[in-house]
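Chains as they are written, first to last, in the numbering used here: chain A, 122 to 865; chain B, 122 to 865.
It should be emphasised that the hints constitute simulated quantities derived from the structure, not laboratory data. Just to be clear, a hint being listed does not mean it is correct.
Which copy? The list can't say, so a pair holds if one copy fits it or any two copies do.
What the hints assert, rightly or not - Below are the DSBU-like pairs computed for lysine-lysine, each with C-alpha atoms no more than 35 angstroms apart in a straight line:
| # | residue 1 | residue 2 |
| --- | --- | --- |
| 1 | Lys424 | Lys479 |
| 2 | Lys724 | Lys767 |
| 3 | Lys300 | Lys696 |
| 4 | Lys827 | Lys418 |
Note that the structure is predicted; figures quoted are calculated from it, not measured.
Protein chains: 2
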Amino acid sequence: MRFIKIYSFLLLLIASFIQAQEHPNLILTKKGVQEIRQQLGKVPLFDASLADIKAEVDAEILKPIIVPIPKDMAGGFTHEQHKKNYLILQKAGVLYQILNEEKYAIYVRDVLLAYARMYPTLPIHPQERSYSRGKLFWQCLNDANWLVYVSQAYDCVYDFLSKKERNLLEKELFKPFAKFLSVESPQFFNRIHNHSTWGNVAVGMIGLVMNDKTYIDYGLNGLKEDGIAPDARDNDGGLIKKPGQKTGYLANLDDPFSPDGYYTEGPYYQRYAMYPFMIFAEALHNTKPEMKIFDYKNGVLLKSVYALLNLTNSEGEFFPLNDGQKGMSYYSRELVSAVNIAYYFGNQDPSLLSIAKKQDRVSLDNAGLQVAMAIRDAKEKPFVKKSLLLTDGSDGKQGSVGIIRSKKDNNEFTLVMKNTSQGLSHGHYDKMSYSFYNNANEILQDYGLARFVNIEQKNGGGYLKENKTFAKQTIAHNTLVQDEVSHFGGDFETGSKYFSELIYVDYSNPDFQIISAKEVNAYPNTEFQRTMIVLNVPSFENPILLDVLDVKSNAKHQYDLPYYYNGQILSTSFKYDSARSVEPLGTKNGYQHLWREATGLAKADNIQLTWMHNNQFHSLTAVTSTDDEIILARIGANDPEFNLRKDPTLIIRKKDTHNTTYISTTETHGSYSYVTESAKNAYSSIKKIEEIYNDTTYIGIKITDKSDKSTVLLFTKNNDTTKEHQLTIDKAVYKWTGNSIIKY
Amino acid sequence: MRFIKIYSFLLLLIASFIQAQEHPNLILTKKGVQEIRQQLGKVPLFDASLADIKAEVDAEILKPIIVPIPKDMAGGFTHEQHKKNYLILQKAGVLYQILNEEKYAIYVRDVLLAYARMYPTLPIHPQERSYSRGKLFWQCLNDANWLVYVSQAYDCVYDFLSKKERNLLEKELFKPFAKFLSVESPQFFNRIHNHSTWGNVAVGMIGLVMNDKTYIDYGLNGLKEDGIAPDARDNDGGLIKKPGQKTGYLANLDDPFSPDGYYTEGPYYQRYAMYPFMIFAEALHNTKPEMKIFDYKNGVLLKSVYALLNLTNSEGEFFPLNDGQKGMSYYSRELVSAVNIAYYFGNQDPSLLSIAKKQDRVSLDNAGLQVAMAIRDAKEKPFVKKSLLLTDGSDGKQGSVGIIRSKKDNNEFTLVMKNTSQGLSHGHYDKMSYSFYNNANEILQDYGLARFVNIEQKNGGGYLKENKTFAKQTIAHNTLVQDEVSHFGGDFETGSKYFSELIYVDYSNPDFQIISAKEVNAYPNTEFQRTMIVLNVPSFENPILLDVLDVKSNAKHQYDLPYYYNGQILSTSFKYDSARSVEPLGTKNGYQHLWREATGLAKADNIQLTWMHNNQFHSLTAVTSTDDEIILARIGANDPEFNLRKDPTLIIRKKDTHNTTYISTTETHGSYSYVTESAKNAYSSIKKIEEIYNDTTYIGIKITDKSDKSTVLLFTKNNDTTKEHQLTIDKAVYKWTGNSIIKY
């Protein structure tokens with residue numbers, strides 16, 4: 122026993138001689154720190170960011186060090202304290218380097234020693250909820266967060282510490298920590314998942330600081346052996362690992378990122394993973410420049426920053442595709458460092474500076490310094506978000522997200538159409554769903570996730586059961602539901618095999634932007650093609666959305682198409698019966714969470730709904746069959762803990778239907794002021810919408826406005842841009858090339 | 122026939138000789154205009170306001186003049202056009218005077234002539250909804266609005282017009298218009314009501330311009346004879362006229378205003394009436410300075426401006442006491458002129474300038490000029506809203522509104538306790554109800570009115586039937602309901618006889634502000650006293666609200682006390698059953714509009730509810746009996762047109778109860794960020810609340826916080842500030858003078 126201890130000590134001694142590299146070398150470098158010190162007091166935004174962090178850390182280090190025995194879920198005391206500790210440690214380390222004041226290094230050392238005393242005594246975290254429980258936190262993911270931040274702190278104070286202290290820390294804390302996250306938690310570490318990215322980076326970062334090749338290799342390439350059962354699953358029901366799946370940081374760059382930089386889980390998790398992805402890249406750039414990590418996969422890391430910035434509304438908030446908590450935005454700390462790194466290690470794109478300026482802080486490293494200097498020197502240009510297609514899948518061939526933006530005066534209308542693959546365990550069953558915005562206002566909303574992240578009262582801040590039973594279900598989204606069953610029967614494996622197919626996209630005419638996509642796998646023997654157009658024509662005050670959903674099936678079905686309008690109803694064109702007592706709309710697949718507030722029949726060729734939200738008016742006009750059922754429903758049934766928002770929806774239900782086409786427009790018009798109490802343009806401008814043509818090749822739509830002016834739109838069902846098309850409709854002859862034509 | 126015409130012409134000629142007064146003399150004066158012209162270009166805020174209005178009018182006068190045949194309800198085309206016309210006419214008249222450019226006078230003349238051509242042909246407005254239909258608009262009220270504005274335009278261009286033009290306008294338009302509003306519409310004109318104020322001022326103003334003593338007298342003193350039936354009512358069910366009621370402008374100043382300047386209908390209508398009240402006062406000051414109108418009733422007009430400014434939240438939005446549309450604020454045009462007039466004709470109070478500066482515009486008259494000059498000269502001081510008591514009733518002896526404000530850091534907590542009289546036809550049946558704010562966030566809300574003012578789709582912009590069936594009912598408010606019946610049985614006459622009695626109020630200790638009031642008429646043989654305290658003690662992050670509602674009755678009843686919390690539930694301390702299908706809570710008195718979402722039993726001495734709203738946490742803790750029923754309900758049942766907001770409430774129901782005391786605290790704590798996803802202080806600090814004493818003279822409350830620190834509050838039931846009080850509770854002896862004591 123004693124012999125083993127001495128032997129390990131000797132090995133550690135040898136290891137520490139091998140670590141002949143200089144420190145810091147991870148995020149900060151010796152040379153970089155020199156440069157930062159020279160610029161202090163000369164770069165306002167850097168100085169302000171430094172002052173903020175100094176004030177925060179100075180206040181913190183006056184308090185007693187608290188390293189509590191882990192106990193609580195997210196939101197609880199021990200969770201929040203350990204989280205605070207790692208954030209402060211990283212900052213204190215940076216302050217030590219930049220300000221060269223020993224008190225920060227002493228603080229880091231003392232906290233680390235406190236952790237080193239406790240860590241060897243820790244069992245697995247007592248909370249049993251996670252598929253991969255941590256030690257400091259209820260899940261390994263948060264332990265990995267801790268190590269990603271703390272490895273930076275360790276790097277910063279490395280030279281300040283005595284060898285003995287370093288040896289102690291590595292032996293009692295960092296190596297067991299890295300081992301626990303990797304070889305002892307393969308189901309967490311050896312996956313393609315944002316969790317694993319954190320794990321890989323945590324282990325890789327501490328490996329770089331310790332110059333430990335094993336952990337560096339684990340971080341980059343995963344574990345060779347993991348013993349993960351082929352059907353193992355995480356808490357969200359996601360499969361842990363596909364057979365033959367590569368793992369590690371590089372595999373997590375290869376696989377979930379498309380060549381356009383879209384991350385298949387969606388922007389909310391892309392944002393979350395951005396920090397480890399980018400910070401490890403920075404560390405690899407500094408320690409292993411020969412890897413040229415920023416060129417990896419044609420520069421996918423930098424592309425992913427642009428993808429993320431484009432996946433935001435006018436307030437910088439991410440579109441809540443798949444599991445996404447609304448309100449998360451590019452003001453998050455992850456995006457501050459991502460934007461700084463993309464500027465510094467990319468092409469010093471001045472448009473990134475305008476985002477950094479809005480963020481109003483920079484990271485305290487050389488990337489942040491460069492950004493702050495460029496802002497000081499007024500180099501920034503506007504970051505203009507344009508209409509965009511972001512492919513999904515590692516090869517860019519597994520669907521896509523289409524974003525159409527159309528600006529008029531101060532109103533920017535944005536369509537987000539989701540034609541992606543499943544999106545791993547955070548995916549929703551909502552093929553070809555969409556949301557529609559005016560600036561940051563949701564006109565037709567995507568629900569997002571059912572979770573209150575880090576609010577302990579709500580299931581410890583974790584996912585709520587309604588996330589699975591409602592938020593992920595198809596009926597929770599603005600897309601087609603057949604026979605009240607979710608896409609792919611709500612089955613994760615089936616859903617993960619398929620993706621919607623982009624037929625064509627054309628943004629060349631800013632007043633007529635079109636995306637057409639097709640889904641043939643969501644329901645058996647059924648295909649539906651959705652063509653969405655954002656149209657800016659003189660008949661309308663603002664750009665409007667035209668949605669054409671063409672459904673073909675070999676049998677009769679019931680179809681539901683929900684419109685999650687956001688706001689309060691002003692008027693409907695159709696009559697309905699309001700329920701005296703309200704019942705859930707169904708018993709499963711999300712329907713059990715919708716109250717049926719009212720039901721009517723269309724009884725006309727068109728129905729119209731006008732509602733008000735945030736001082737604007739909106740109207741939905743839809744083509745209907747006279748016997749279409751119109752259901753006014755509201756989220757919130759079977760929600761005993763009040764976990765869901767009580768938001769409304771209108772559902773057009775078609776029963777016993779073979780083939781059908783859902784056609785609708787969504788307009789934003791006018792405004793209301795509560796101060797002047799004047800209502801401007803409170804009515805839809807649409808008199809009628811008609812389907813004037815529909816065969817195997819073409820669809821034709823006619824929109825007639827209130828002044829009887831008509832707009833005719835024709836488009837192909839297939840991508841056929843070369844041929845000259847010709848159609849005669851109602852004696853008018855239309856000839857065009859390209860996929861679509863508009864006449865008004 | 123011809124003789125009569127010639128005779129009338131001669132009479133008009135004579136009349137026009139009598140009008141030897143100079144013009145303008147109403148709002149602008151010849152001398153005042155000179156002064157304004159001299160200052161042009163030297164007073165930034167005045168110049169900016171002038172430029173805005175010039176731009177607006179210049180754009181408008183390029184368009185064709187549109188004076189349509191009246192047809193539509195509010196929000197409809199003809200309504201909005203006539204409204205736009207009067208606003209533009211007033212502004213064009215002012216521009217003519219200030220800029221001395223004829224094009225404005227020509228525009229005013231041409232529009233007025235167009236009205237003069239149409240007016241004699243007009244029948245009563247075709248929309249039949251009003252108790253007092255207008256000609257240009259669906260109700261006389263809007264016609265009166267028109268004349269209040271247009272009489273100013275006429276005054277401004279009076280000297281520009283030829284005598285023939287003036288004679289024509291007066292004969293065909295103004296005199297018939299004034300006659301229609303007065304002698305032909307006595308049910309509108311001869312009341313104590315904001316409607317009549319507009320009517321009185323319209324007729325009085327045009328009387329002043331025309332120097333027509335009859336109409337001036339009608340305006341000031343009402344009609345001598347009106348033939349109004351003693352039981353005549355308006356659309357809101359309000360009695361038109363009490364027997365012997367004085368009428369006219371002066372009576373409308375005497376009666377609904379309290380000596381403190383509180384207007385009995387509530388701030389929303391006070392704001393609406395403010396414009397005619399103040400503008401006519403300005404006109405009377407200019408034309409009849411001997412009246413000393415601003416000194417009338419001890420300067421009630423100026424006091425009313427201060428009362429209104431104090432009846433706002435931190436965003437300047439009026440508290441929605443009685444019928445009030447939320448969002449209306451001191452940024453409205455009525456308050457711009459009111460604040461300017463109060464500054465100019467009052468004591469040049471520099472704190473008014475800070476409001477004017479926020480309004481960022483001034484009226485284009487000498488009051489506005491003075492305000493803008495003072496702002497230019499940096500004379501403004503902050504307008505500090507303090508805790509306040511505003512008496513109600515013409516003599517100040519018919520109840521009151523109590524406002525308690527308690528500020529900590531950037532959070533200002535505001536209690537608005539309504540212990541008023543009925544408030545005429547716009548009153549709600551909510552004796553001793555309250556709302557509670559943090560800045561502009563409603564923690565516990567007052568519903569306000571059920572109406573979408575000027576939104577045509579919603580009942581022509583008029584009151585919705587749910588205003589009567591829900592918004593006015595007691596159960597829609599945070600106050601006591603006995604046996605599911607509204608106060609006074611919801612009977613207007615009965616309610617109008619009574620008011621709540623203020624027992625005492627004490628704001629002397631900013632950390633312990635208290636109001637106590639009593640209601641003995643709302644329910645037969647039942648009295649309830651409500652004592653509300655805003656408490657700032659070290660146990661709590663923020664000031665908290667303590668509410669003690671002490672009920673005594675001679676028989677057993679069911680009691681309901683609703684808490685209209687605003688936001689989403691995070692947790693409850695009590696168990697409840699959620700309904701699988703939801704039913705209305707009752708069948709009448711507003712209960713038919715509440716869905717019963719869940720029901721539980723308190724089963725404990727305290728219940729607690731924590732919810733989140735606008736990134737803050739709030740907790741309600743209430744003392745309960747174990748068999749108290751807790752109902753979680755939501756507004757929206759029996760609401761077939763979706764007229765109501767779907768807001769939640771918690772109701773504590775006590776059945777078969779003789780006497781009881783409802784005791785609760787409301788805390789705001791912590792915060793949540795959607796960007797950092799960190800939840801701070803998400804839990805209530807309260808462990809327990811107890812009633813430790815309650816006899817005929819005293820009530821004692823003990824609040825124990827989570828760290829087991831206790832706060833004991835004792836207060837008297839009667840106003841007894843002189844005697845030395847002594848109580849022994851649980852062996853502790855408390856001695857004090859004054860109505861209350863706090864020990865912690």
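Hints, one by one, checked against the model:
When the C-alpha separation of Lys424 and Lys479 is checked against a cutoff of 35 angstroms, the pair qualifies only within one copy, where the shortest distance is 20 angstroms, while the shortest distance between copies is 45 angstroms. In this assembly of identical chains, the alpha carbons of Lys724 and Lys767 lie at most 35 angstroms apart whether taken from the same copy (28 angstroms) or from different copies (28 angstroms). For the identical chains of this complex, Lys300 and Lys696 are neighbours neither inside a copy (66 angstroms) nor across copies (44 angstroms), given an alpha-carbon limit of 35 angstroms. Taking CA atoms no more than 35 angstroms apart as the test, Lys827 paired with Lys418 passes in neither setting, with 53 angstroms inside one copy and 55 angstroms between copies.
Consistency with the previously given hints fails for numbers 3, 4, ordered from lowest to highest.
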